[in-house]
Amino acid sequence: MFAPEVPEYSLSLQYRYDKDGSWTAWNNISESMGFTKSSKVYYMEQSISSGLAVDIGRNMYFDGEERKLDIVLKSTDYNKALYYAIRLHNLHYPERLQEHIQIRLQFHFTPELGSDDAVKTDSIEFPIYTIPADVR
Amino acid sequence: MLDKIKRYIDGMSRPGKWSKAQLFFVKAVYIWFLINVVFIWSDRNFIWGSESVLMRTGGASSWITNLAYALVFKPSLFNWIFPLHIISIVASLFDKKWSFIPRTLVWITGTLLYFAGYNAFNAGFILMNLLAFFTIPFYSKAKHPIRHVMNHISILGAQLQVILVYGSSALYKLNGESWLYGEAVYYTLSNPRFSTNYILDSGILKNVLLMKISSYLALIYQIVFPVGVWIKKIKKPLLYFGIAFHLIIGAVMNLWDFSLAMMASYFVFFKD
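Taken in order, these protein sequences are the chains called Z and A.
Position in the first sequence counted from 1, then plus 3, gives you this note's numbering.
Position in the second sequence counted from 1, then plus 864, gives you this note's numbering.
Calculated directly from the structure, the hints in this document are not laboratory data.
Do not take every clue at face value.
[Unchecked claim] Lysine-lysine pairs mimicking PhoX-like chemistry, simulated, CA-CA at most 25 Å apart: (1) Z/K40 - A/K1070; (2) A/K1070 - Z/K123; (3) A/K1076 - Z/K123; (4) A/K870 - A/K1097.
This structure is a prediction, so every number in the text was calculated from the model and none was measured.
Start from the sequences, fold in the hints, and give me the full structure.
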């Protein structure tokens, strides 16, 4: 309520990882671990997601139809999100991440005020990240 | 007007007539910090320390180079700084000659904790840390003229700080479209992060008129506050409206820390 401009979307930061040779389903990171909206972990996740969304807005570009994320991948915001996902998983679950992880940011676009349209969702999927052996 | 200002400056070296509310304001700042500790207690190790989930970036590796980022450079300091923060908060609740010492410590440790974990906090923490700074020298039973001057600066500084929050927030909003079109409350409450299932499912968001009125009311309140709070006739209704406004933000948007911070800051304006 004190923000100068209010985003017209909400965000979900999701991740999946390889487990015994196959990929898990996409999951909202903190929600899948049981953190509720009142938790600071959820608040941090949303704050990190907002930073990443701003960076995508600034640095994602198109090559024809293809979304290009090379500049975003070098950004602090992307690396912060990736670090958060790996750290939280490894702290929360007794079984640490094995070899690969992938994150994506889901945008849920709020319909215009007074419109009967449904919420539209779009995802920005980042490339698979190979976790360094000393972090696993 | 000039006479009034002159009299105010002359009166600064004399004991201030502090209202009960203004005396409580100083305590309220530290009560907020205590409540904040309770709020974050279960998640503290995710925010700070060696188990933090926040990536640390930038700057030199020596904490001496930048005191505000000490916890960023050396997360293990958290084991010392957080307990010191809590002890200092409790000691700051007392109105004693020596209170400036724990209050200075609250401000320093609060700054360190904020910069190392800013993703976990909203403007409420920043505001309270700024107000904590202003309350450092306040001692209501002061006898020395210099301490009287410090007391006046404490209270006036805190008042101006709160006004700055509302004033700058209103100016920013006037530069954005969603507030001017009366859509800001709708977009905020449509976001599950700042809403409840009850609000999302109730159909209230479909009420265009209600959404627009709420947006414009919030905007007008923030525009009026910096001036209105100095006008005797409207000050009390304005502050009571503000309390209701922030209670709603706290309950609906799940931003209790921010709402409590804003409400605590109101005490500095109440006079007996």
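Going back to the hint list, which numbers does this structure go against?
Of the numbered hints, all hold.
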